[in-house]
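2 protein chains.
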Amino acid sequence: MDTRVKTATLFDLRSWSAGCLDRVERALERWVTAEAPAGLDHGAPAELVEAMRYAVLDGGKRLRPLLVLAACEAVQGNEGAAMRAACATELIHAYSLVHDDMPCMDNDILRRGKPTVHVKFGEATALLAGDALQALAFELLTPEDATFPAAMQAQLCRLLARAAGSAGMAGGQAIDLASVGERLSERQLRDMHELKTGALLQGSVMMGAACGNLIQAEKAALENYGAAMGLAFQVVDDILDVTSDSATLGKTAGKDALQDKPTYVSILGLERSRAHAQELLARALAALDGSGLSHDRTQALRALADMVVNRAH
Amino acid sequence: MDTRVKTATLFDLRSWSAGCLDRVERALERWVTAEAPAGLDHGAPAELVEAMRYAVLDGGKRLRPLLVLAACEAVQGNEGAAMRAACATELIHAYSLVHDDMPCMDNDILRRGKPTVHVKFGEATALLAGDALQALAFELLTPEDATFPAAMQAQLCRLLARAAGSAGMAGGQAIDLASVGERLSERQLRDMHELKTGALLQGSVMMGAACGNLIQAEKAALENYGAAMGLAFQVVDDILDVTSDSATLGKTAGKDALQDKPTYVSILGLERSRAHAQELLARALAALDGSGLSHDRTQALRALADMVVNRAH
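If you read the sequences in order, they're chains A and B. So for the first sequence, the working numbering puts the first residue at 1; every next one is plus one. So for the second sequence, the working numbering puts the first residue at 314; every next one is plus one.
Please keep in mind that the hints were generated in silico from the structure rather than gathered at the bench. From a predicted model like this one, the values you see are computed outputs, not experimental measurements. We put the beta carbon where it would ideally sit given N, CA and C, even for glycine. You may find that some hints are simply not true.
Selected chain A positions facing chain B (Cβ under 7 Å, derived; list incomplete) [unchecked claim]: (1) Pro45; (2) Ala124; (3) Leu127; (4) Leu136; (5) Ala150; (6) Cys157; (7) Gly171; (8) Gln173; (9) Ile175.
Take these sequences, add in the hints, and give me the full structure.
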């Protein structure tokens, strides 16, 4: 029997991702630059931009950009807007890693198998590179050429600012800091992760969705998908921190236990954490089933949720 | 002779500023908060917000907000939008001070007469508070209630992102870092300051202007005003660092010389620096004269430029 026909009807995440990532990498390469933006006299100083590029280019799973593009596909949204939104989420993620790795935070020297930004460029440059990456994210979302509507630009800025700020990612990191050595309940741990990682992952989904026109039921379904998938990501991160090694992860393994950080594994144990991740995957897929969005168009979102939960690094 | 009639026809900057600052303080007080934004489950963690409030509230000249509001007056723009823009510029300024004061940057322990944020809250919280303040600035510019047009929201985000980023403030700080102990030409020093301080000051003017409808000639004139005034601010800052004391400045005086930083005073000398500041003031006022905007409506901008150059701290 020729299985190729059957295979072709399955969604091929690997090939879909490769196409997206190729476009994302080229866009980031073009946008994280020392060239002066149109209308400005000055470009950016070369060393700062070098540190920004080091932090962003050629590394990472690019999960957030993929979520943006997959959600945009689900709603058949504006692809140009989605590419900018995809890159903006990655810039925010990258800046958070740069700052998170600094000595006053996690003090990590290895990231994606390379020296961290402050190790390579010094702490002051790392601090500024992170700051500049955050600003660049919002610059990307507001192109002067109006290739997509101002209302969409404003909505994308709104979603990203909330996801990144004190009631989102930065807030979650603050709770994370305060929780070292503390005993958290599962509820408290979930609250922390909903901010720290969940907000930007869910925000990525909603930014992709904001590139199209959504009815309320579709929006609510994608929010639920994003929430479940975002939390699943963190549960699996906690599992991998225990079960994997640094070479596979591309970052220091076993760090959570070493730093006495509360994790899903430390609270629920390994087996219940694994079961919880599978439950969250089921919840994310159920949200899409009930969304009213066509199964075909949500294939990338489905495959990404599955990848998040069943990944090895 | 009764001078009161004559006095009343002069623009009273003190009273104009007091009215503006009262509204700005109340707005900041309301917007830098731990409450969950509409539509979000989570508020921000209390300690992080406390550090953000400490960094922002009750301190500083609020020059950037005043420039936004004065420019909005000049173009008779949308006041609600201008108040958000005013607060957003101050949040960006405040975050830059928090990060700038950290040990890996200027390592300063005194700011506005109070311990710096990292001294009071620890370095990790200072880093995150700065990051969250930047995000909050963009959140302020994109209110969900659409009290001002989406095109204005997007334009304000665009201007702020550029002014704050690698081709603006953060870029200028990177050049500043790299220039410690270096001999700069006046041209190089000017380039550095045009980014480090000038970009956000000029950006504040242009954000205020973006709250109204401008013709091209008015826009160009306000850009010239903003550029001259922004540079004047830095020249005077360099002068005050030499001629004033810490108590008057509310920050450590004599710091530039101590850190061997190039300044206008070190390059031009004190007298030529003073003359240069007056030239820049004249240039700023001339730009307004040639703007086509009515003299009446630009009185606040004129008085602010005068105050920037002739201030004692």
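So, going through the hints one by one against the coordinates:
1. Pro45: holds (5 Å)
2. Ala124: holds (5 Å)
3. Leu127: holds (6 Å)
4. Leu136: holds (5 Å)
5. Ala150: holds (4 Å)
6. Cys157: holds (5 Å)
7. Gly171: For A:Gly171, the interface hint holds, since the closest Cβ of chain B sits about 4 Å away, which is under 7 Å.
8. Gln173: holds (6 Å)
9. Ile175: holds (5 Å)
Taken one by one, the earlier hints all hold for this structure without exception.
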